[in-house]
Amino acid sequence: MASVKLTNVKKIYGKDTVAVNDFNLDIADKEFIVFVGPSGCGKSTTLRMIAGLEEISEGTVEIDGVVVNDLQPRDRDIAMVFQNYALYPHLSVFENMAFSLRLKKVPQDEVYARVTNAAEILGITEYLTRKPRALSGGQRQRVAIGRAMVRDSKVFLMDEPLSNLDAKLRNQMRAEIILLRKKIDTTFIYVTHDQTEAMTLGDRIVIMKDGFIQQVGTPTQVFDMPHNLFVAEFIGAPKMNTFKTRLVREGGKYYVTPYGAKIEVTGDKATKLAERYVDSREIVLGVRPEHITLADKNDPAAIGCTIQVNEMMGSELHLHVVVDGGDKLIVRIPTVSLTDEERARLVYGEKMYITFEGKVMHFFNPETEQNILA
Amino acid sequence: MKNNNSIENHGLSIKTVNTITNTFIYIFLIAMSIIWLVPFVGIVLESLRVETTGQVSYFVPQQFGFDNYIRLFESDFPKWFLNTLLMGVVVSVLQTGFILSMSYTLSRLRFKGRKTLMNLMLILGMFPGFLSMILIYKVFADLGLTEANAPIGLIIVYCASSGMGYYVSKGFFDTIPKSLDEAARIDGATRWQVFYKVIMPLSKPIIIYTILMGFMAPWGDYMLARFLINNNRDGMNVAVGMYKWLNGGGDSKFRNYTMFCAAGVCVSVPVTIVFMSLQKYYVEGVTGGAVKG
Amino acid sequence: MKKLNSLEYLKLSKSQALWYDVRMFFCAIPGWLKSLFVGLWKYIQNFGENVKDEVLDIINTFKKGNWAVKLSFLVFGLGNLYYGQVLRGILFLVFELVFIVYMALPSGGIYWINKVNWFITGQTVGREQGGLKYNPVTDTYGWVEGDDSVRVLLYGLLSVIFIVAFIATWRMQVKQCRINMDIKEKRRKINSAKDDLKSLLDEQFYKTLLTPSLLGILVFTVLPIIYMIIIAFTNYDAAHDGHANLFSWVGLTNFNEFTNFGSDGLSAALGEMVGWTLMWAFFATFTNYFAGMFVAIVINKKGIRFKKLWRTILVMTIAVPQFVSLLYVGRLFDRQGVIGSFLESANLIPESMIAQNDYSLWDNPLTAKILYIVINLWIGVPYVMLQATGILMNIPADLYESSRVDGANSFQQFTKITLPYMLFVTGPSLLTSFVGNLNNFNVIYLLNGGGPVNTKFGTMGGTQVGHSDLLITFLFKVTTGGESRYYLASVLGIFVFIVVALLSLVVYNVMPSTKNEEDYS
Numbered sequence: 001m002a003s004v005k006l007t008n009v010k011k012i013y014g015k016d017t018v019a020v021n022d023f024n025l026d027i028a029d030k031e032f033i034v035f036v037g038p039s040g041c042g043k044s045t046t047l048r049m050i051a052g053l054e055e056i057s058e059g060t061v062e063i064d065g066v067v068v069n070d071l072q073p074r075d076r077d078i079a080m081v082f083q084n085y086a087l088y089p090h091l092s093v094f095e096n097m098a099f100s101l102r103l104k105k106v107p108q109d110e111v112y113a114r115v116t117n118a119a120e121i122l123g124i125t126e127y128l129t130r131k132p133r134a135l136s137g138g139q140r141q142r143v144a145i146g147r148a149m150v151r152d153s154k155v156f157l158m159d160e161p162l163s164n165l166d167a168k169l170r171n172q173m174r175a176e177i178i179l180l181r182k183k184i185d186t187t188f189i190y191v192t193h194d195q196t197e198a199m200t201l202g203d204r205i206v207i208m209k210d211g212f213i214q215q216v217g218t219p220t221q222v223f224d225m226p227h228n229l230f231v232a233e234f235i236g237a238p239k240m241n242t243f244k245t246r247l248v249r250e251g252g253k254y255y256v257t258p259y260g261a262k263i264e265v266t267g268d269k270a271t272k273l274a275e276r277y278v279d280s281r282e283i284v285l286g287v288r289p290e291h292i293t294l295a296d297k298n299d300p301a302a303i304g305c306t307i308q309v310n311e312m313m314g315s316e317l318h319l320h321v322v323v324d325g326g327d328k329l330i331v332r333i334p335t336v337s338l339t340d341e342e343r344a345r346l347v348y349g350e351k352m353y354i355t356f357e358g359k360v361m362h363f364f365n366p367e368t369e370q371n372i373l374a
Numbered sequence: 001m002k003n004n005n006s007i008e009n010h011g012l013s014i015k016t017v018n019t020i021t022n023t024f025i026y027i028f029l030i031a032m033s034i035i036w037l038v039p040f041v042g043i044v045l046e047s048l049r050v051e052t053t054g055q056v057s058y059f060v061p062q063q064f065g066f067d068n069y070i071r072l073f074e075s076d077f078p079k080w081f082l083n084t085l086l087m088g089v090v091v092s093v094l095q096t097g098f099i100l101s102m103s104y105t106l107s108r109l110r111f112k113g114r115k116t117l118m119n120l121m122l123i124l125g126m127f128p129g130f131l132s133m134i135l136i137y138k139v140f141a142d143l144g145l146t147e148a149n150a151p152i153g154l155i156i157v158y159c160a161s162s163g164m165g166y167y168v169s170k171g172f173f174d175t176i177p178k179s180l181d182e183a184a185r186i187d188g189a190t191r192w193q194v195f196y197k198v199i200m201p202l203s204k205p206i207i208i209y210t211i212l213m214g215f216m217a218p219w220g221d222y223m224l225a226r227f228l229i230n231n232n233r234d235g236m237n238v239a240v241g242m243y244k245w246l247n248g249g250g251d252s253k254f255r256n257y258t259m260f261c262a263a264g265v266c267v268s269v270p271v272t273i274v275f276m277s278l279q280k281y282y283v284e285g286v287t288g289g290a291v292k293g
Numbered sequence: 001m002k003k004l005n006s007l008e009y010l011k012l013s014k015s016q017a018l019w020y021d022v023r024m025f026f027c028a029i030p031g032w033l034k035s036l037f038v039g040l041w042k043y044i045q046n047f048g049e050n051v052k053d054e055v056l057d058i059i060n061t062f063k064k065g066n067w068a069v070k071l072s073f074l075v076f077g078l079g080n081l082y083y084g085q086v087l088r089g090i091l092f093l094v095f096e097l098v099f100i101v102y103m104a105l106p107s108g109g110i111y112w113i114n115k116v117n118w119f120i121t122g123q124t125v126g127r128e129q130g131g132l133k134y135n136p137v138t139d140t141y142g143w144v145e146g147d148d149s150v151r152v153l154l155y156g157l158l159s160v161i162f163i164v165a166f167i168a169t170w171r172m173q174v175k176q177c178r179i180n181m182d183i184k185e186k187r188r189k190i191n192s193a194k195d196d197l198k199s200l201l202d203e204q205f206y207k208t209l210l211t212p213s214l215l216g217i218l219v220f221t222v223l224p225i226i227y228m229i230i231i232a233f234t235n236y237d238a239a240h241d242g243h244a245n246l247f248s249w250v251g252l253t254n255f256n257e258f259t260n261f262g263s264d265g266l267s268a269a270l271g272e273m274v275g276w277t278l279m280w281a282f283f284a285t286f287t288n289y290f291a292g293m294f295v296a297i298v299i300n301k302k303g304i305r306f307k308k309l310w311r312t313i314l315v316m317t318i319a320v321p322q323f324v325s326l327l328y329v330g331r332l333f334d335r336q337g338v339i340g341s342f343l344e345s346a347n348l349i350p351e352s353m354i355a356q357n358d359y360s361l362w363d364n365p366l367t368a369k370i371l372y373i374v375i376n377l378w379i380g381v382p383y384v385m386l387q388a389t390g391i392l393m394n395i396p397a398d399l400y401e402s403s404r405v406d407g408a409n410s411f412q413q414f415t416k417i418t419l420p421y422m423l424f425v426t427g428p429s430l431l432t433s434f435v436g437n438l439n440n441f442n443v444i445y446l447l448n449g450g451g452p453v454n455t456k457f458g459t460m461g462g463t464q465v466g467h468s469d470l471l472i473t474f475l476f477k478v479t480t481g482g483e484s485r486y487y488l489a490s491v492l493g494i495f496v497f498i499v500v501a502l503l504s505l506v507v508y509n510v511m512p513s514t515k516n517e518e519d520y521s
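Chains A, B and C are the protein sequences, given in the same order. The first sequence runs 1 to 374 under our numbering. The second sequence runs 1 to 293 under our numbering. The third sequence runs 1 to 521 under our numbering.
These are computed hints drawn from the structure, not numbers from a lab. If you're wondering where the values come from, they're calculated on a predicted model, not measured in any experiment. Using N, Cα and C, we set each Cβ at its ideal position, and we do this for glycine too. Heads up, some of the hints might be wrong.
[To be verified] Simulated pairs of lysine-lysine, DSS-like, Cα-Cα distance not exceeding 30 Å:
(1) K209(A) <-> K178(B)
(2) K115(B) <-> K175(C)
(3) K15(A) <-> K186(C)
(4) K178(B) <-> K10(A)
(5) K178(B) <-> K194(C)
[Stated by the list, open to error] Here are some, though not all, of the chain C residues that point toward chain B, as calculated from beta-carbon distances under 10 Å:
(6) Y141
(7) W143
(8) P212
(9) K301
(10) A319
(11) V381
So that you can see chain A by itself, here it is in the shape it has in the complex:
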């Protein structure tokens, strides 16, 4: 159980290919941190630098206050779960889990106790004598986690552990990791490209792109106040609608004017805009699909659009619409709020009117792509 601190960490491949740039992060003891971002963003590289599998080009990594830059992986007291599980094919499940203990020459009865204990928690006791080859994907995943658990180490690293599983199993394992975390209570660093995993698992999320940290925050923070356009579009599914428009200040009130409509900014956002004396300006407006509602044709805040695709998801309806300006938006409507008649109307080619909820809009600077209110 330990804190991890990364200071100005940089990874340079060859002469000038920068994979990770100026990475600063304080991870508290027993925190569950998730690194998330598209492939090639440097999240795995960062994890591997913490593990000691990649050399750190610049900066320092500290575990429990000790600089570990020059330490071998085995001297860092970490455990790691790999994407492809990396189980030793020639060893039984028991020996796979016991491997690290054997290297440390732990006595047999303790090895037995620790392995069986971990196996029990993960529900793989009956497979202990099998070889990994005879296990299913989910079972292998458990063995890989078990092998890391047995180590009882300060930091628990996981590199996209669920991405080789099918969708159903992935959801199940995700839930199990949440439970597991309560039981093993140590510092977790978890890498994924899947924002759902990041949102559901992390105490804090680190969103990365092109080697740079974009934002660090709790799931609520990054969802409610994305610092920039990238984070806004990356977090949340279906992704946030963004388009250029104008923010207008009129008599102490703020309006956005997308596609000829005029929608008032309300609530918290309006207060913040006023506090910062933001003047009328061009912006990129961000509206999440669930914050778009149906509107009356005559409402000045109504935007006309045509339905292109309708996806019935069961509890909600996803509509891909083309607004009169030509942009494409996604609208997400809970099915309970619709009458049968409305549902019948919301199909391909039909015209409809929508508006945005004034209190949950996001405003970005078109040049810097930064959130104006962050």
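Assemble chains B and C onto chain A, guided by the hints.
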């Protein structure tokens, strides 16, 4: 049948076409097998020929007997056989060590100059290996490792540079996922422990392949062996010794032809048994090598 | 020539596209050459940069270093000793002492290097001819041992290598001083001898694994090759060997012989030999390749039974030591051999051959060459068959299924799916086997010694030239022949190297596998 005809109006159904092609294929395969087997049958028949030791124009001996084999064991052949066997056994062990360490290092460890080293070995491999024998012969002659002691000299020659033949086993190591090494290192293994606790147990097929290749090499080498042995009957391997029997006499009528065949059988039987029993690994090595280059 | 974009290329008909490809191939050649030279130039530049960096580093180390570091520029290992690395320091120091003592000994390094007379045309390698000599002091004739050129050159070369190693070691220990200084500056721990030894099983494990192999390669491949390249500039042969007959430096004379064009000179013989070597390698490789692939496909065909039996019969040829099967099969075709005599008695030998007294297939240059290639099929097909079988099984079955749905027959399936796939996958090994065939000593020499003898050239380099001699078999004959013309062997060896290197370069540039690595993955 009817269904097929209704779709293809060529008259012949798929099944008939298939039967005809298969018949041709069987004829081809049988002919091929005969061509491939005849020399082996021939060599065995020849070795049992009693009426003459020279080469004759008919296939089946007029008189069968084991005379050639008896004479074989009165000649130097047993010595040559043991020489070669000794070389095969020692070379297979040493060479495997060299090749595995080289290929493992190049495949799974990263260090400065790795690429340069591989390029250098590629270029070195383009020189005919025989060229270096001239100097080696001179030095070995001074050290007393030629002629009667040639088997020792040859073992050194076969093994010393064998690291350059790392390609096939490197191809094998390349296919083992890297994360296995990484997992082991995080579990607390040094690179040495990764090598012998994780990778070696997984490499049985390639180890056996390398051993097999090392064992077979001395049985077939004529060029290097001939040079170091220099006509000394005590130091010969089977290839050099038996070549003498065939070409020594000048006129082919006086060749020790039947004895050569008997010796050929004696050499081939054990080697073939070893090879055939480990065939599976050989095939894996060959196909793996093809894919990986 | 104008390069077409992909849409324009797709507009071309099949023959136009082929013509375009061919032209593009030749247009690309200057490009490769250019990139080769640019690459070389970059390499040299890079090398220059590295040297500059090294020199700067050495100067900096000297400037920044304390007395121990400064002194270690003369006394090896002081820098290590000062920083507490006793074992390393002592090893460096011992190395330096050994070097100095060896060089300075009366019959040590300097002595040998001096005796070699490096590359001075007309001078002998070694100074003193052995034999009976008059001794003016004792006024008697006495036996003088004299020098042995082979040894003089070897010891001279070794001494030069020792000097190079000395300089490299000097650089290494200076660098270690600098590293130690850096570590001290950052207040980290300097590795002790125990750490060093431990790291040989971990961070530096590659050193442990590589050292024996590299040492073997250095002593038994690199050193002999350098030595033999040097021999190409001497007249070393059986007449210039031993204490009584020193060999001498002849400059480029040996190479000049090759440019001496004439219809019966060495260059003409060599020209024929290179031509046949290339032809042999080409036919041997490709006949085996296609025949082997054909056999593999036939055996693999659905519905053919006893697959394992057919394969095992073929594999027998690999199992039986090659020299047994080659020598035996070769003799079958002799005039006295079973097949040879059958051909003669059945009047299957063409009149034109008999007119030249060629009674067996081995006697006629053309039929002999064909026979080598045909028998090589017998040797090589099983090997290719095994390779191809493995790869055929890897071709995804749905490729065949979808092509059948698209209306391809089995021949089209072969040309459109199997062959491209095989060529792609086996490209690199095809090159390897081509090079292997260029140097295929066993098949040529054991089957019929490279014969028949080419009477046009008579004896050459102390041996007879055969019509079917490859460069490598000729090299062997030159070396083992009565006159043992080692210098000629050495020049031939360099020649083989050049041929192989050029070919590899071209093939490497054409091969699809090196260009579009992902196509079939």
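Outcome of the hint check:
With a CA separation close to 25 Å, the supplied pair K209(A) and K178(B) stays within the 30 Å bound. With a C-alpha separation of about 23 Å, the suggested pairing of K115(B) with K175(C) holds against the 30 Å cut-off. Note on K15(A) and K186(C): the hinted pairing holds, with a Cα-Cα distance of about 24 Å set against a maximum of 30 Å. Between K178(B) and K10(A) the CA atoms are separated by roughly 23 Å; this keeps the pair inside 30 Å, and the hint holds.
A distance of roughly 29 Å separates the Cα atoms of K178(B) and K194(C); the hinted pair therefore holds under the 30 Å criterion. A least Cβ separation of about 28 Å between Y141(C) and chain B goes past the 10 Å threshold, and the interface hint is therefore violated. Using the Cβ-Cβ criterion of 10 Å, the hint placing W143(C) at the interface with chain B is not satisfied: the shortest such distance is roughly 20 Å. Because the smallest distance between the Cβ of P212(C) and any Cβ of chain B comes to about 7 Å, under 10 Å, the interface hint for this residue holds.
At a threshold of 10 Å, the smallest CB-CB gap from K301(C) to chain B is about 6 Å, leaving the interface hint in force. Satisfaction of the interface hint for A319(C) is found here, the shortest Cβ-Cβ separation to chain B being roughly 4 Å, below the 10 Å cut-off. Among the interface hints, the one on V381(C) holds; its C-beta lies about 9 Å from the nearest C-beta in chain B, closer than the 10 Å criterion.
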